[in-house]
Amino acid sequence: MPNPAWRTLLAVLFALFLAGCASVPMGSKEADNQAKTFASPSSGNAALYVFRNSFVGQALTKALYIDAKLIGMSANKVYFYKELPAGKHTISTQSEFSDNALEITLEAGKLYFVRQYIKMGVFVGGANLELVSEEEGKKEVLQCSLAAPQ
Numbered sequence: 057m058p059n060p061a062w063r064t065l066l067a068v069l070f071a072l073f074l075a076g077c078a079s080v081p082m083g084s085k086e087a088d089n090q091a092k093t094f095a096s097p098s099s100g101n102a103a104l105y106v107f108r109n110s111f112v113g114q115a116l117t118k119a120l121y122i123d124a125k126l127i128g129m130s131a132n133k134v135y136f137y138k139e140l141p142a143g144k145h146t147i148s149t150q151s152e153f154s155d156n157a158l159e160i161t162l163e164a165g166k167l168y169f170v171r172q173y174i175k176m177g178v179f180v181g182g183a184n185l186e187l188v189s190e191e192e193g194k195k196e197v198l199q200c201s202l203a204a205p206q
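Quick note on the working numbering: the sequence shown kicks off at 57 and runs consecutively.
Incorrect hints may have been included.
As the list claims (entries may be wrong) - No more than 27 angstroms apart at the CA atoms, straight line, and that leaves these computed lysine-lysine pairs for DSSO-like: (1) K85 with K138; (2) K138 with K166; (3) K92 with K133; (4) K125 with K166; (5) K133 with K195; (6) K175 with K125; (7) K144 with K85; (8) K133 with K175; (9) K92 with K125; (10) K194 with K85; (11) K92 with K194; (12) K166 with K194; (13) K166 with K92; (14) K195 with K138; (15) K92 with K138; (16) K166 with K85; (17) K175 with K195; (18) K144 with K194; (19) K195 with K92; (20) K166 with K195; (21) K194 with K175; (22) K195 with K144; (23) K194 with K138; (24) K125 with K144; (25) K194 with K133; (26) K144 with K92; (27) K175 with K138.
Simulated from the structure, these hints should not be mistaken for lab results.
Model the full structure from these sequences, guided by the hints.
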């Protein structure tokens with residue numbers, strides 16, 4: 057008969073396996089396909105893609121905000137698309153002890169790509185944001201699926 061400690065360990069590992077990756081509400085396939093055409097935004101606006109495509113922190117969901125308004129919960133291989141008026145905007149994400157923010161000035165007619173990434177924390181992984189090039193952003197977004205906005 058196997059050792060009870062091994063049974064407990066196997067049960068915990070199996071539960072973690074079943075939990076799998078984090079999940080969030082997803083957008084429609086049509087909206088995902090449209091956003092991935094990377095079309096120019098409507099007049100006076102810029103297009104913002106916020107994505108997360110990283111092995112680290114796959115089981116975590118993190119809140120994302122634009123100008124202090126919740127846009128949704130992120131997970132691995134997920135992105136958000138939003139058209140915003142030109143000007144300064146603050147993108148922020150939930151982290152371990154406080155939110156981390158990135159302030160960017162958007163120009164009308166342009167596409168912007170912000171990567172959310174998970175970093176090691178004291179108790180749980182935290183999140184941070186970085187602006188990436190259009191070329192890199194498009195490549196990463198094509199590997200992700202559109203999340204439903206809140």
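Do the hints match the structure? See the list:
no. : hint           : result
1   : K85 with K138  : 16 angstroms, holds
2   : K138 with K166 : 12 angstroms, holds
3   : K92 with K133  : 14 angstroms, holds
4   : K125 with K166 : 22 angstroms, holds
5   : K133 with K195 : 12 angstroms, holds
6   : K175 with K125 : 23 angstroms, holds
7   : K144 with K85  : 30 angstroms, violated
8   : K133 with K175 : 16 angstroms, holds
9   : K92 with K125  : 24 angstroms, holds
10  : K194 with K85  : 17 angstroms, holds
11  : K92 with K194  : 8 angstroms, holds
12  : K166 with K194 : 13 angstroms, holds
13  : K166 with K92  : 15 angstroms, holds
14  : K195 with K138 : 18 angstroms, holds
15  : K92 with K138  : 12 angstroms, holds
16  : K166 with K85  : 24 angstroms, holds
17  : K175 with K195 : 22 angstroms, holds
18  : K144 with K194 : 22 angstroms, holds
19  : K195 with K92  : 10 angstroms, holds
20  : K166 with K195 : 17 angstroms, holds
21  : K194 with K175 : 23 angstroms, holds
22  : K195 with K144 : 25 angstroms, holds
23  : K194 with K138 : 15 angstroms, holds
24  : K125 with K144 : 15 angstroms, holds
25  : K194 with K133 : 13 angstroms, holds
26  : K144 with K92  : 24 angstroms, holds
27  : K175 with K138 : 25 angstroms, holds
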